[in-house]
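Q: Letter by letter, the chains look like this.
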Amino acid sequence: MTASAPGAPGEGGRPGARDIPVWDPLVRLIHWSVALAVLLNATVLDPEGRPHEVAGYAVAGLVAVRLAWGLIGPGPARFATFPPNPAAALRHLRHWRAGAGTVHLSHNPLGALMVYNLWLTLLALVVTGVMMGTIRFFGIQWVEEAHEMAFDWLMISVALHVGGVVIDTLRTGVPLVRAMVTGRKRVPAGARVR
Amino acid sequence: MTVLPTGPGGRRALSLAVLILLQAACAAFFLGDVLIDFEATAANDLAHVWVEGVVSLALVAAIVLQLIELRHVMQRTERAEQGIRAARGEMQALIGQFFDDWALTPAERDVALLVLKGIDNEGIAALRGTAAGTVRAQTAAVYGKAGVDGRAQLLSLFMEELFADDSPDDRAPTARTGSGNG
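Residue numbers (this note's numbering), protein chains in the order written: chain A, 1 to 194; chain B, 1001 to 1182.
Extracted from the complex, chain B is given alone in its bound form (with noise of 0.2 Å):
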């Protein structure tokens, strides 16, 4: 069971409305102190009830605001999430559109999808319950039909297209060829 959020935008909403909360129970706790002080001060007293009960009205606006912050921290966490969610279906049409390109057998189409998500040939052979020598010849021929000349150009293909895809909000560099992992 995930009780607590995952996410930054779902921390930060979590946070917000603990301290909204606190200072909710302070704000009820000021203005029935100050309703009460209101009735059992004697008239020449009262400014000082008066403060009070301005600063608890102040806190009560800074609650009000604090909610309407915490509205748009979820609108905005839940328009993250669907960009992410939009972004993973679209790589996942992205790289089947490759590998119909390329023509790839559906035993390749495996191969190739273990090699894009970083497992070793060992690894792919474990898992498709093949030997090593099989799985060599399948990215061979994955290589070859992709033209490109190992794993490494492989990712870069989609890496490339990622890079590509500007958004309109950073339209900046696009042309980050070569190798960029720093």
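The following block holds chain A by itself, in its conformation from the complex (with noise of 0.2 Å):
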């Protein structure tokens, strides 16, 4: 659909591919602090001992910050720019399929999806973990299965989450992982930007 010639001038490199700063230092610090402290407590930290309570309050308080710094951050990490819409996420996943790339500069509509539900799962496993702590609920048969509900489910997310990184980075030709190190997402030439 775009008018660019995909392999315009044989030049090999990116000649017209644009960086733009996009993810902030507060976004990329809290992506990759919350997907280690998932890794630790999913793996080597022992479920009932202090440090997996310690990374799950460390998480609870990366994601609060990343809720506030969507009311009041820079424009690419704010809700308005990526809000939830199931209707513009299945359009978008038409449009995947139909082989037309749009770049967008923060989340694409999927992605934004992905993004709230993360959120909202890291949320409910925090809670539920924080319940099991608590005399009232201490034990409690349900709030131990929300909780590794949850965490299954989180497990499933994450497999979505880097399954689409990594098909929005082939479709698009942005590469997302860079981006979310470097902050800067380098745009190929001729690509519609959103």
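Do not take every clue at face value.
[Said to hold, decoys possible] These stretches of chain B come out as covered by chain A in the derived footprint (C-beta under 8 Å, 3 or more residues): (1) 1010 to 1022; (2) 1063 to 1071; (3) 1119 to 1130.
[Said to hold, decoys possible] Examples of chain B residues lying across from chain A (beta carbon under 7 Å, computed): (4) E1039; (5) A1040; (6) M1074.
What the hints contain is simulated information worked out from the structure, not anything from laboratory work.
Glycine included, C-beta positions come from ideal geometry on N, C-alpha and C.
Each of the two chains sits in its own frame; use the hints to bring them together as a complex.
A: This is how it looks when you write it as structure tokens:
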């Protein structure tokens, strides 16, 4: 759909690629810190132990800051830039299959849904986790089950998230992992940007 | 890949972000602790828990203020970078305008630009693949057309232009001519 010829002048490199700053340091730090905490809690840390709890609290704080940042942060980090919109997500999915690639500077509509899903799941994990430490809910079956269900859903979500990142990177040509490390999206020449 | 920010504004934003996140992790931990203590403490001992709760909330308030500060730092950095970009563009336009006024030939323009960038005659000759004598002749032509007697004076023409352009917030001494590199 875009007017650009894909293999324009055979200049090898990426002549017109633009490096656009997208993710501020806070967003990047939160992303990788949460990923690390989840990884630690899911693998090496004893679920009964104190470090597991501390990591959980850290995730709660990180997500809370991110949510506040969604209100007062810079453009790409704001909720208003990527409102949860299932209809737009479906449309995005259809366009995906049709092969039209639009580069979204913030999250794409499908990615936005995943982001909200991840935040809610993490909060559910934290809330049920804290509940398990209280006298009132200690040892109550459904709380533990909810915590485990939330964890399972988080693992599924993480798998989908990583898959989405890989597919979007291949489709749009924007290296997304690099963007979350350096904060800049390298947008290929001629791509439609939103 | 530049993971770490380069400018002072970027570095400040990064350290602020790290600080905010450390405090947020602590605040979450304290608040969770307060909740659990609140439930586990007998009613007559609650004063202590309340104090803890208020302290935790103060920490949260501090974090919010720092978030706002971080936003300001980022906005200032962005504005400064825009200013630098604009100045760079204007400097280029200004140089081009001077060259036009002096009616430099394309070759002289190239040489003059390299002179402004601080490259010596041998370097320019090597870059342009010409003889050193040719470059000497070209620079002499440039100095003649510009009405200066050498490299330093050519540079000072542009420096003067920079100093003369007083911005509203420092309209102090504009007449800072002469050799002012202490």
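Q: Each hint needs a verdict: does it hold in this structure or not?
A: Structure-based check of all given hints:
Only when three residues or more bring their CB closer than 8 Å to a CB of chain A does the claim for the stretch 1010 to 1022 of chain B stand; here the count is 7, and the claim holds. A count of 6 residues in the stretch 1063 to 1071 of chain B with a Cβ less than 8 Å from any Cβ of chain A is obtained; the coverage claim is therefore met, three being the minimum. Under the rule that three or more residues need a Cβ within less than 8 Å of chain A, the assignment of the stretch 1119 to 1130 of chain B is violated, with 0 such residues. Below 7 Å, beta-carbon pairs count as interface contacts, and E1039 (chain B) has one with chain A at about 5 Å; its hint therefore holds.
Hint on A1040 (chain B) holds. Least Cβ distance to chain A is approximately 6 Å, under the 7 Å limit. Of the supplied interface hints, the one on M1074 (chain B) holds, with its beta-carbon coming within about 6 Å of a beta-carbon of chain A, less than 7 Å.
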